[in-house]
Amino acid sequence: MIEIDGYGSGWLEARPDLKSFRDEVRGFIRSHLPEEIRRLVAAECMELPREYILRWHRILYQRGGWGCPNWPQEHGGPGWSFEQQFIFERELALADAPRLVSFGVTMLGPTLIEYASAEQKARFLPPILKGEMLWCQGFSEPNSGSDLASLKTRAEREGDHYIINGTKIWTTEAQIADWMFGLFRTDSSGKKQQGITFLLFDMKTPGITIRPIRTFDGGHEVNQVFFDNVKVPVAQRLGEEHKGWGYAKYLLSLERFGIAEVSRSLQTLGRLKSILHRRRADGSSLMSDHAFGSRLAAAEIKLRALEALERRLLFGPGGPESMGAEASILKVMGTELQQGLLELQVDAVALGAAPDLPAESQDAPNLPPEARYAARAFFNMRKTSIYGGSNEIQKNILTKAVLGLE
Amino acid sequence: MIEIDGYGSGWLEARPDLKSFRDEVRGFIRSHLPEEIRRLVAAECMELPREYILRWHRILYQRGGWGCPNWPQEHGGPGWSFEQQFIFERELALADAPRLVSFGVTMLGPTLIEYASAEQKARFLPPILKGEMLWCQGFSEPNSGSDLASLKTRAEREGDHYIINGTKIWTTEAQIADWMFGLFRTDSSGKKQQGITFLLFDMKTPGITIRPIRTFDGGHEVNQVFFDNVKVPVAQRLGEEHKGWGYAKYLLSLERFGIAEVSRSLQTLGRLKSILHRRRADGSSLMSDHAFGSRLAAAEIKLRALEALERRLLFGPGGPESMGAEASILKVMGTELQQGLLELQVDAVALGAAPDLPAESQDAPNLPPEARYAARAFFNMRKTSIYGGSNEIQKNILTKAVLGLE
Amino acid sequence: MRIELTEEQSLIKDSVARFVAERYPFDRRQKLVATPEGYSEEDWRSFAELGWLGLPLPETAGGLGMGPLEVGLVMESFGRGLVASPYLATVLLGAAVVAAAGSATQQSEMLPAVAEGRMKLTLAFAEDDRQDPAAIAASAELDGGGFLLTGVKAGVPYAAAADRILLVARTGGRPGDASGLSFFLVDRQQRGLEVRDYAAHDGSRVGTLRFDRMALGHDRLVGPKDGAFPILEAVLDRARAALCAEASGIANAVYEKTLSYFKTREQFGKLIGSFQALQHRLTDVYMKAELLQSVAVDAAEAAAASDPATRAAGVSAAKSLTGTLGREIGKEGVQLHGGIGMTWDYEAGHYLKRLTFIDLALGDSHWHLERFRRLSS
Amino acid sequence: MRIELTEEQSLIKDSVARFVAERYPFDRRQKLVATPEGYSEEDWRSFAELGWLGLPLPETAGGLGMGPLEVGLVMESFGRGLVASPYLATVLLGAAVVAAAGSATQQSEMLPAVAEGRMKLTLAFAEDDRQDPAAIAASAELDGGGFLLTGVKAGVPYAAAADRILLVARTGGRPGDASGLSFFLVDRQQRGLEVRDYAAHDGSRVGTLRFDRMALGHDRLVGPKDGAFPILEAVLDRARAALCAEASGIANAVYEKTLSYFKTREQFGKLIGSFQALQHRLTDVYMKAELLQSVAVDAAEAAAASDPATRAAGVSAAKSLTGTLGREIGKEGVQLHGGIGMTWDYEAGHYLKRLTFIDLALGDSHWHLERFRRLSS
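If you read the protein sequences in the order shown, they are chains A, B, C and D.
Here the first sequence is numbered in full-length UniProt numbering, starting from 1 and rising by one per residue.
Here the second sequence is numbered in full-length UniProt numbering, starting from 1 and rising by one per residue.
Here the third sequence is numbered in full-length UniProt numbering, starting from 1 and rising by one per residue.
Here the fourth sequence is numbered in full-length UniProt numbering, starting from 1 and rising by one per residue.
Just so you know, the hints here were simulated from the structure itself, not pulled from any lab data.
Some clues are possibly wrong.
To be verified - Calculated lysine-lysine pairs in the BS3-like style (CA-CA distance at most 30 Å, straight line): (1) K257/D - K400/A; (2) K191/B - K270/C; (3) K192/B - K270/D; (4) K152/B - K270/D; (5) K270/D - K192/A; (6) K243/B - K263/D; (7) K270/D - K191/A; (8) K400/B - K400/A; (9) K270/D - K249/B; (10) K270/D - K400/B; (11) K270/C - K192/B; (12) K263/D - K191/B; (13) K270/C - K249/A; (14) K192/A - K270/C; (15) K263/C - K191/B; (16) K263/D - K270/C; (17) K243/A - K231/A.
Build the full structure now, drawing on both the sequences and the hints.
Here it is as C-alpha cells:
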C-alpha cells in the first residue's frame, strides 16, 4: 500500500535534518494531544470549545513556544524556518490536532512584531503566546465583502479616543474572542484605501453587541458585530492613523501555509479511505466499487499534485516570501479539491449522511460515526471558496497581477 | 438492448401520423442513398465532393422537392410542417446521408422567399431547388469575427453596379460554390448595423480570388475570399440598400433544427458503440471496460436529455418560431456534447487514431477503419463551438436576452 | 415545465404554485421544519382538500387516477418552495405500493383514508445507505399462521409521521437476489418495532427501523409472496421521476433567486450581475436548469412506460443526470451569492442541501448511471 | 520548471531553450514534419553535439549519466517548441532498454553510436492501441539456435527512422501474464519484417510492424529471457515522466500564446483580454499549466525511485493528471483563439494535437488512473 505522507516523493528523504524534525514534532503532538480534543477534530467538528482551543495551545506553548510556530525566539516563539513551520502545521493536521489559533497567533502576532510600538508588543504578545487571549478579526462589512477597502464603519477621533459606530460581519469566533483587531474608516475624503485605521480593543468594551449568524449547515462560527459609540483609546491604534490598509495587507499575506488546505485534505483523504474500507453487511466494501475507487484515486492524484505545487511555490527559488499572487492558485485549487473530497465523503456515506446530529450525539445507535459529520463538513466548507477573498476574487487577482490583463 | 431512436420516449408513439411519415422518409432515404456517398459520410469525411452533394440533392429533389424540406409547395418544396422537417433531418443523419445543402437550401432560399423581388425569386429559386447552383456565405471578415456588424468590406455604388473591395474570411465551400451571398458596407456614417447591404453574385465574376485556409486537422473547407473591384449589378441586391443586416438576421435565425447537432451526435454514438463492441485480439471488448462504459453511458444520458430539450424548445407552446435566444442553449450544449462524443471516440481508438490518413486511404491495412477519421473528426469539430457565433457569444446573448443582465 | 398542458394539468399546477407563493413563504418553511413533526398538519389537510393526496391513486379508491406528469407538476412546485411534508413517503411510496399490490380490502381500507388526509404511510425497503433494493437482507420467516420479521431499515422517509409502514423483507432468496422479497404492512406502534426518527439536513425526516422476531399475521402480507421486487421497482421508478421534477423546481428557484441577487447586490460600485465572468456562470446555471425541466418531463414519460426495461432506463438516465446537475447547480447557487449564501436564514444553502439529498435518495447518480449502463449496453 | 537548478541543469535548460527559440521557429517545424522523414538530420547532429542524445546514458558508454529531471528539462523545451524528432524513441525507449538490459557488448556497440547520433533506435512493445504492456501476444518460439518471431506491433514511434528496433515478444506465458516476455534486437531491414510508417496528426511518425516466423539468432536476445517485463516497466515509466515534462512545456506555451493573443486581438472595440469571462478562463489555463510544471517534477522524482511500486504509483499519478489537464488546456487554447485557432498555420491546434497524443501514448489517463488505483488501495 502506497501512502501519501503529505511530503511528496523525495523531498524529506533528501533532507535528513527536516526528517528528524518531523519525527520530533510528530512524536510530541501524538503523545500530548488529549483524546477528547482529537476526537472532535477528527469528527470535523466546526465549533471547537474555547477551553479546548486554549488548552491545546498551552500544551504547545509549554513545549517551547510551539503554539506560535511562526514567531521568532526573541518573542517567545521557536524561531523555526519556513520548512519547519510547514512541517509542523502538516503534522498537526495529520494528527487530528486543532489548527493553530489563526487570528492572534498566525496573523496578528507577526503584524504586531512588525509594526507595533514596544509598549504594545509588551502588552499583547505575551498573552497571545501563552494562550490567554483569543482574538477575532473585524474586517468585512455587510456592503464590503469582496471589495474590502470600501468599508464604512467609522472611528471618529475624540480627544484620546476613537468612537466607533457601525457594524462588522462574518466575524469568526467573535462569540469566544477576548479582543478584536479591525479596520475602521477615519477619513472618507481620499481614495478608499486611504483613511482606514487599524484598531485593537477588548470585546467587553461597552457598546459592542454580537449577533450570531447561523450558517446553513447549522453551525455557529460567524457573527455580526455592532458598534454603538464604542470608545477605543488612541494607544490601541496600530501604527499610524489612516494607514491601516497597509498593515492589513501585510497581515493577510501571512496566511501562506494553510491556504491550499492540503493538510486538512490529507486528513479527509485518510478518513475517506477508512470509510471505504469498512465492510458492509453483505461483506463487500465501497473500495470494491469501481466507479468510487476511480473517483477516490483521481482526488488522491490531484492532492498529490497540489502538494507538489505548494512545495514548489513555498520552497522554490526565493522561498515563501517571494510568493505573491501565486498564493491565489493555492487558494483556488486547494479549496476546490478540499470541497471535492468532502463531497466524495458524503457520497460514500450516502443517505446515511442525512440525519442532522451534533458531532457528539449518542442518539443515533444505528448510524455509522461519519454520519455525524460528513454532510455538515461538506456544507460548512462551501465557505472556503467564499471567505478570505472568494475564488472569483482570487482569479481577478491573478488576471491582473500575473496575466497582466485589465 | 435499449436503443435511443432519436425521438425520445413517447413522442412519436403518440403521433401515428408522424410515425408513418418517419417510416416513409426513412424507407426512401435508405433505399436511394448511394453507397459510395453513405460511406464517406459515415467516415465523417469533412470535404464531400461537389458532385456527391449535388447528386444526392437531385435524388431528393426528384422525390417531390425533398431537397428543400423547409420550402413551401408554391416554390417547389414539399410544404412540410416543422415536425416533418425535424424528422426528415434526423432521418438523413441516422442514415449517414449528407446534411442538407445549408447555404442555398436552408438559409438563402427562405430568405429570398421572404424578401426577394419576383424577378429574383424566378431567377434563383429554381436552380437551388433542382440542385444546379451551390452557394457560399460571405459574412465574416478578418477583424469582424464575433462582432459581425463591424464588417468593413465596401460595396460602392457606381451607376447600375456596386464595386466591391475588401475580403471575407472563413468562407465555407467557397472553392466549390457557384454563387455567393454576402454583406457589404455601403455606408459608414451611422450605427454599424446600418449601412450594410445584402448582395448576390457569381463567384466567377472578375476580381474574385479564393485563398484556401487549411484547418489544423488538415482539411480544407474554409477560405479567404478577396475582392478587387468586383462589379455586381444592382439588380442582384436583396431588398433595400443599407438594410442588409435585417435580412441577415432573418437568414441566421433559420438554423433551428441543426443547431443542437443531435442528429450527428446520434450517428457518432452509434459508431462509437460499434467500435466498443468490436472484440480485441484477447477476446475482450472495450465495452467491458468499466470506466469506458460509464463514460459512454453518461454521454448517452446527456444526449437523451438534449434531445428532450430540443423537442421542448422546438415543439412546445408557440412552436419553433417562438424560440428566440433559447436557441443559444441548444448551440452551446449541443456542440459541447458533440465534441465530447468525438473525443470519446478518439479515446476508444486510442493511439490507433494517430496516423493522419485521408478517409479513403487504402494504405493502412493494419489499422481499423475508424483510425481513418476519429482524430480528424474530433479536431475538425472543435470549430462548432467557434463558428456561427462562438459559445462565448452565445452566452453573452443569453445573458442579455434571457437573464436581462447588461 | 413549459410544456403544453391540458386544462386539468394547468389547474393542478396553478393550485400548487398558489399554495407555495401564498402560504409557504421561506420563513414559515424554516419554522415548520424545526417543529418536532417537521411539517404542518394544517397544510396536510389542505393538500387533501385540493386533491393532491389522491392525485395518482385510482379513481375507484377516491383518487384522481393521474400519472407521473401530473405528479411532476406538484413536485416541481414543491421543489420551488422547498416544501417539507410526508407527501412522497405517503402518496408516492406507501400508497403507491398498496395501489399496485394491495388486495381490494387493503386498498379500500387505506387509499381513501390517504386521499382524505386521514392516514399517512411510508415505505421501508433500504438497509444499505446506497438504497439498493436488491441488497435487502431483512428476513420474514413463516411462523404458524404468520411471519417473524428480523432486520433493520435505514433511510425511511418520515417514519415517525407514518401511521403504517410498508416494509420489504425476504421470504426467500438471498441478499442480492431479486426474487424472494415481499411487502408487509406494519403499524408504526407495532409491538417489536423500534422506530427512530431524525431531523435531516434537507428539512425532511428520516428514520431507522429495528425489529427482531417481530410477529405479523398472514393478513399483513401485501401483494404476492416473494414477488415484491418488480412492484417495488415500478413504485421506486415513479418516485424517482417525482424527485426529478422536485429537483427541476429547485434548480429553477436557484437560478431565479441568484438572478435577482445579481440585479440588486453591488460590489466595487457595480451590480455584481454586470461582471461577465459571473454572468457566464449564471448562464450555465440557467442552461442546466432548463435542461433539467426537459429531463423531468422525460422521466415522467418514461415512468409511465409499460415495458419495465424502457421505464427503468429512462428513469435512471433522468435520475442520474438530475442528481449530477442538481448538485452542481446547488453549489453554484451558494457560491454566486457569496457570504449571504452561507447563512441559515437565506434559501441558497437549503436549496443545495435538498438537491444533495435528492441525489442520494433512491439511488444516487452513480448508481443510476450504472443501472442505465447495464440496460443500454 | 521554476525549481532550484544546479549549474549543470541550467546549462542544459538554456541550451535547449536557445535551440528552440533560434533554430526551431514554428514555420520551420511545419516544413520539417511535412518531409518524408518528419524531422531534420541536421538537427539530430546538433542534438548529438550538444550532448542531449547521451544525456541519460551511462558515462561508461559515452553518456552523461543524468536522470529523469535533466531529461525533463530537455523535454519541457521540446514541448514548448513542438519539436518533432525520434528523441523519445531512440534515447528514452530504445537506448534505455539497451542500457538497462543489454550485455556489455550490446551496450558498447550501440550506446556510443546513439550518443554520437550515428544510430537510431525505437521500441516496439504494444499491440493493442491502449498500449498495455502485459497484453503482449507476439510470440518468439525457440528454433534451433535461435527464435522464430510471429506477431504484429502497433504505435511504434519513428519506426522507419530506426536503424534497429527493440522488440518485445513472448518466450513464455500467455497474453496478460507479466512473465514470459523478452527483448529482441531487430534490424529494420531484417528479412521477414514488414514496417509501415505513417505521418501522425501530432507531427510525429508512428509505425506498425508485422512479422511471421521471422528468424533471429540467439545473440539477438537482449537481457534475461522471460524477464523483460520489470525492465520494460521501468523504461516506460521514465519515458512517461518525460512525456509529462513535454506536456508541461506545451501547456505553458498554450498559456503564453493565448495571453499574447489576448493582448493584441480586438473585438467590439476592446481587447479580448479585457473580457472578464475570458480572463477567468485563461486564468484557469494558467493555474493548470502551473500545476503541470509541478507534476512534471513530481513525475521525474518518482521515475528515479528505486522501489518499483513507488515509481509506478508516482508516474501513473502524474501521467494521468497530465493527460487530463493537458487535453483540457489544449482545447481551451483553440477555443480562446476563435477562428485563427482552427487554422493549420497557427500553433494552437498543433498544441492540442500533440497534447492529445501525449495522453494516448504509453497508456492514457484512464489506464494510468486505474494503475494508480491498484497500487494505492
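Evaluated hints:
Distance check on the hinted pair: K257/D and K400/A sit about 17 Å apart at the alpha-carbon level, within 30 Å; holds. Note on K191/B and K270/C: the hinted pairing holds, with a Cα-Cα distance of about 27 Å set against a maximum of 30 Å. Proposed proximity of K192/B and K270/D is supported: the alpha carbons are some 15 Å apart, at most 30 Å. Our distance criterion of 30 Å between C-alpha atoms is met by K152/B and K270/D, whose separation comes to about 17 Å.
This hinted pair checks out: K270/D and K192/A have alpha carbons roughly 28 Å apart, not beyond 30 Å. A hinted pair counts as satisfied when its Cα atoms are at most 30 Å apart, and K243/B with K263/D does not qualify at roughly 34 Å. Pair hint K270/D plus K191/A holds up; C-alpha atoms about 27 Å apart against a cutoff of 30 Å. Taken as a hint, the K400/B and K400/A pair is honoured in the structure, with Cα atoms around 26 Å apart against an allowance of 30 Å.
Between K270/D and K249/B the alpha-carbon distance is near 24 Å, which keeps this suggested pair within the 30 Å criterion. The straight-line distance between the Cα atoms of K270/D and K400/B is roughly 18 Å, inside the 30 Å bound, and the hint therefore holds. For the given pair, K270/C sits about 28 Å from K192/B by alpha-carbon distance, which is consistent with the 30 Å threshold. Between K263/D and K191/B the alpha-carbon distance is near 26 Å, which keeps this suggested pair within the 30 Å criterion.
Distance restraint check for K270/C and K249/A: the Cα-Cα separation of roughly 24 Å lies within the 30 Å cut-off, and the hinted pair is therefore satisfied. Of the supplied pair hints, the one linking K192/A and K270/C holds, its CA atoms being roughly 15 Å apart against a limit of 30 Å. Using a Cα cut-off of 30 Å, the hinted pair K263/C and K191/B holds, with the two alpha carbons roughly 29 Å apart. Between K263/D and K270/C the alpha-carbon distance is near 25 Å, which keeps this suggested pair within the 30 Å criterion.
At most 30 Å may separate the alpha-carbon atoms for a hinted pair to count; K243/A and K231/A meet this at roughly 20 Å.
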